[in-house]
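So the protein sequences, as listed, match chains P and H.
According to our numbering, the first sequence is numbered sequentially starting from 1.
According to our numbering, the second sequence is numbered sequentially starting from 232.
Check the hints yourself; a few may be wrong.
When the alpha-carbon atoms are kept at most 30 Å apart in a straight line, the in silico DSS-like pairs for lysine-lysine are as follows [stated by the list, open to error]:
1. H:Lys-238 x P:Lys-76
2. P:Lys-71 x H:Lys-803
3. P:Lys-203 x H:Lys-673
4. P:Lys-76 x H:Lys-673
A few chain P residues facing chain H, derived, Cβ under 8 Å [unchecked claim]:
5. Glu-29
6. Gln-147
7. Ile-173
Bear in mind the hints are in silico, worked out from the structure with no lab data behind them.
Where a beta carbon is used, it is the ideal one built from N, C-alpha and C, also for glycine.
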Amino acid sequence: MLNIKYFGHTSFAFEAKGTTILLNPGIVEGEPLVPADFQARIVIATNHVDDAIGNAAAISVNSKAWFLGNKETAEKAAEQGVKPWLLHVLEPEVPYEVPDVTITGYSLSRIDEEAGGRIDNLGLIIEMGGMRVGYLGDSAIRGLFEQLEMDILIVPIGGGATFQVKDAVSLCIDVQPRIGIPMRWTAEDQPKKFSKYIEQFSKGTKPVLMEPDQTLTIQWAAGNEFRYELN
Amino acid sequence: MSENTKKNVTIDLEESEKTRLGGTSELESIEVAGKLSVKNVSERSRIWNVKVHLGDSRDSTDIATESLSGGEVDVGGTWESKYGVTVEAPIVTLSEVYDTCGTVETEEPHWAYVASKDNPVKITITIKNETDGEIDSIILNKTIPPELSNIRIISSKSGTAEFDEGTRQVVWKGFVVYPHEETNLVIGATGQVHDKEPKSAGEIVLTYKGEGQQRSVLDPDLTALTEFLMGIETAETEPNQWECTLECSNESDMIVRLDKAEVYLTPEGGGEKQKMIDAAPSIELSPNQEWSASFEVASKETPKCTQEILYTPVRVITKRVLGTIEKTPQIIPVYKIDYIKEFDPPAVNSFDKTPVEVTIEVTNAGTAKLNEVFVEDNLPDDIMPPTSEHITVWIRGEEYTGEYEFVIDPEDQNPEKPHKITFRIENLRDSIGELEPGESVKINYAVMAWRNRPEKEYPSPIACTANTYPAGIPAEVASPEDGHKLGVIYKKRAISTKKAINKGADAGEYEVVLVVSNNGEVTAENIEMTDWIPSGFEYIGTDPEDDQPDVVGIADGTNMVWKWARMNPGDKKKMRVTVQGEGEYERREPQVTSI
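Just chain H, same shape as in the assembly (with noise of 0.2 Å):
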């Protein structure tokens, strides 16, 4: 009988571990779940009186007592016996890393998706073999969710791995991972999301198999009877002289192995017996295979003998374990946010000096938290800008003293010129903690309305964008290019003159009087009045002394130059000017201008 056609009795430990991991690869729970099995090969013997010998092997499981007994086996039939297993950690190490931005490096993957762009992900599947032996049959099941679209595999270590449309699974397969080895998956999709509510990253399955391995340390060994010969014979060689002989047969079809042969010789004339046989040879033997031994012994009678045997069916232990892993799927909250900027007061009068509170609100509307947030904000010309020292900030409700930059480009006050304004707060993880979804960062400044006119537009658009840790693509929103106009209120300008000539105390002598009023709602500002002389008069003096014009000789006359720097809502100037000379004083009205 050949090595290959050799029948023995099989214990088969087959154990079967389930692990749960979390959403970011952390193992949860594992359960290990044994099936100890005898299994009768033979075409036509019984085995009974079946054993399994466990002794401390058991530590591990929860097998009460040190030997199983598993009774008779019929031809092809199998014994089981079940068990636990306590164990701190699979045979295979499964991880995923869901990076949401897979295009920017960083030691820690983006765990977020930015709501309305294309996010970039890239997910990466390591399983990692701890055992010294081979891990076989790997399948894995990646259920790629819904957001995800443009699936591909970006590269395969092992195996072979594909997209199903339908089933929308990636499944990865047809590779070992030898002892102490890891091989790894990478696929590459791009993730779009419109709302802020979490999204599911999809649930990963993996089944393998360990040829040979075991969870447990079990290391069972079988007695067990079956068909087997075995009997003395005596026989007379001499008179008087016995040879007794102990014969043993291997009746069965499976390898059987003898381990103990006693025979005991009852002396003639009574007492103790006397071992004659002593072996224990270990020998296996094939079916109908024959092994016996004999001693010879003096005797006028047929010696009396007595034998002990012991003998078992051969077994050999095969084992394996077979592993799942389900990896319940990570969670991707959303970053987005909504921003609100508000003037106070929203419109200026025009043409005058006003304070105006600039209050900026950018709020997290999504479901991640924020670790950074940018705002830019625009100040057309016509507004003096803040100071930086001159801002206020409140997280939370509450005023924030930590750091931020806040850069005014140009660095100055001047009104006359446009302002870019950048507000930058970061690393608020090691701050005051990131910025929970709800919770929103309030910037306030004022800026200085600078003589508005009514006719021009003051648009002060502004851009915020917000990252989480680590910073992967932003979430931004902004206001159109002409958003957020400054209103200007028109106030009416009415510059108005009056004129009067008047005979003076001398001959040739005339007081003009003059009277220039602000009749209008705002105020004027570089207020010229100018008043003709004509030719043949002489300017004299103007009372008050303080309102002394520029007196400037043209071709007709002389001309008469007043200049005010600024005339409120009512303000009203008037000036008696003396002239002399001869002649008709021909009258002509004052001209006047301002802004």
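Isolated chain P (complex conformation) (with noise of 0.2 Å):
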């Protein structure tokens, strides 16, 4: 069984058998999404902007809990206070291993929107609690991921530096996972357009649209059967 709670923007927490990763704890608009005193085993920032990386080396340090992350968000959370013995640099497409979590990074890459250009994001694939949820953190693009099974999608469809809605429903089309949750939406009817276009046009998808501090919670009941539920 795994939980997923949404925290907002791309932040989200994965626990499963006692074990959390925190993704993305980020700081949008000066406040921070998740508490410094969050507990996790492992925090992820996908990429270096203060809206990913957020507070993430103030929870690792508070928590003693491993940063992953690619270089250049390792380096600034090295900066940040991050202990080198818990910083660990997530290389694109080789696995990470804890015990019942295997961590997948895949070269993204997010659109600067100040200064132009690309930064450098990772998309992740986490295996845990029985499941394969691809996450893209604030991807422009899609790279690997159409590629890859996965149960649950996790996509931004805000645009600007992101997916727009169109983006993250053809990469539904196209990945066929069992649940998409939408994430970083900039406007009211975006989540609404994602749900609604999943719907129609990707077959065996199910749209879920989590609001912050809602937990979802998906395991395979009786062994074989999909099962998911938002609290």
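Join these two chains into a complex; the hints should help.
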């Protein structure tokens, strides 16, 4: 069973068998999405921009959690106080494994809205709680994700630095996960459109719209029946 | 004197009913005005002390007294008295059915013009005689509105009907309607309107006469005096025996009826008078005709007699009803529709998959209520159509959850085929009420633009129709055949390849570095890159291992072929290929293809 809690923007916590992975505890409009005393075993930031890395270093230090990220992000985390022995640079397509969890990064990128150009961003495949979860972070491209199999796909939809709704829907159509979860929307109608289009055009994929502080529980009931519940 | 030349005083009742009907032939008002006339038809005799007795028969009128005093009426003169009568309905029923679409049989007539089309108008006018007497002197004038052309009389059950171009009136006349029968006239025409303003269907004026009929129940009688001689002759037939004779003579040139003749004898010695003649002959005396009656009495003196005589000129009653019915023109509204069709976004990136919101709004742009709306939308290929459960419909700004039909043909979501979408909403009058002028039906659905090509056009023509209840000729509006093109924004494709040939660690070993990158603005799909290994060298391996090529032998060496399903803008692949052999490693540039 896998519990996925949403904090808003691109921040999630995955929990299974007592292991918690925190993703992108960013700071948005000056406010941290996740409290600094949040307890996690692994903290991951998919890129070094504040809305992704946020207070990840503080949380990692406070909870003595591993910090995972690409090279630039790890360097920034180190600058922010993460001890070197807790830092791990995720190399693209090289799995990182701890008991019951496998995390594989894929090289993606987000658009640098201020300076132009692109910023490296990791997409992740996280295997835990019997599920394969695809997580694109702040990605504006799909990279290898369209070729990967996964049960759950978490995609940005807000445009700007990342995917627009159409890109997220297009990826869901190609990947056909069991569940598609939108994140990082910038307008109220975006998640509704995402749900509408997924229901209409993506065969086999159910859109699940999560509001901040909601938790999605997913499990294989009786071994092979996919079930989920949003609380 | 023959019957034909007999002269009788005439009591004439002429009652005029004036009826007004509404646009759909409903009774709006009726007024009946009566005129009671006493006509002295004599050529030389006055009549005086004229009284018309009405009794209880005046109940439906506004006449206040049981009898009317007419005084003296001179030779050839007339005395008149007017009155009003209360009635519920005229003696003739007029109805008009103005059917704007006479070629389509329906229980109820069509009541609105469709704009900018030929309306096959059929006008049926029916006249029914509701009385036991004949109705004659009928003249009907139907004004033909200017929107109508090709006016023709389809049928006329009675009389003759003709259309006068000058006055634009159909005049129907020359017939009688027998008791409780009806007749009708059918006019055909073609109606054309080009704006939405309601039109007049033209008024009808009907005049008629019902001879011998009346709307009141007046049953008048007359008493009057005229030139009439009367007297008693007393003649002694034997001593003290007398014969007394009452003699009457009609001195007028009219028929006079003698109603009462009484003679009283005063006894010689006094005492109560004795009635000696008591006659009620009710005899009608012709001019100069005499009437007498006598009795004998014994008396020493000349008997003293007195008389009481009642007579009156004989009257005849004539009566008729004169009627006029004015039918107010029916107001004929116009039905027409407009539509808006929008794509959001109006254009999509080439070679991408983009959800596109399609909004179609059909507005009642006329003045008639609409009962049904039909939309046929056409989606070109490279568009994935919606599913029927994902359509949303709004009416009057609110989401409509009632019944409608939504069909996608073919019934699949294959983006490689064009699709026809039909939407039909009917019987609004029984669900949420007909669509009022200015109101609209809005339909929204999403489609998925599917890897559209920039050199191709994607027209999405639409046709909308609407109709009233009952349905006639539909109002239509449509786009051109190549209308409503979904725009495709051309995004440049740029797949670049770079190649380096480096010496390997061992003798005869080379490391070929190949980099393929998508430097374009659009995702590339089905990328295939081929690089050549010269004869004398053999393929050893590729790093990374996940990017192993298909190795195919050819006449002058070996080809390595890589295939990728998709490369997004900015995506890059880098492979290090190890080859080993002898000789010079000739360079050829890698070939790459994609869509």
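Going through the hints against the structure:
no. : hint                  : result
1   : H:Lys-238 x P:Lys-76  : 134 Å, violated
2   : P:Lys-71 x H:Lys-803  : 19 Å, holds
3   : P:Lys-203 x H:Lys-673 : 27 Å, holds
4   : P:Lys-76 x H:Lys-673  : 53 Å, violated
5   : Glu-29                : 28 Å, violated
6   : Gln-147               : 6 Å, holds
7   : Ile-173               : 7 Å, holds
Of the hints listed earlier, those the structure fails to meet are numbers 1, 4 and 5, in rising order.
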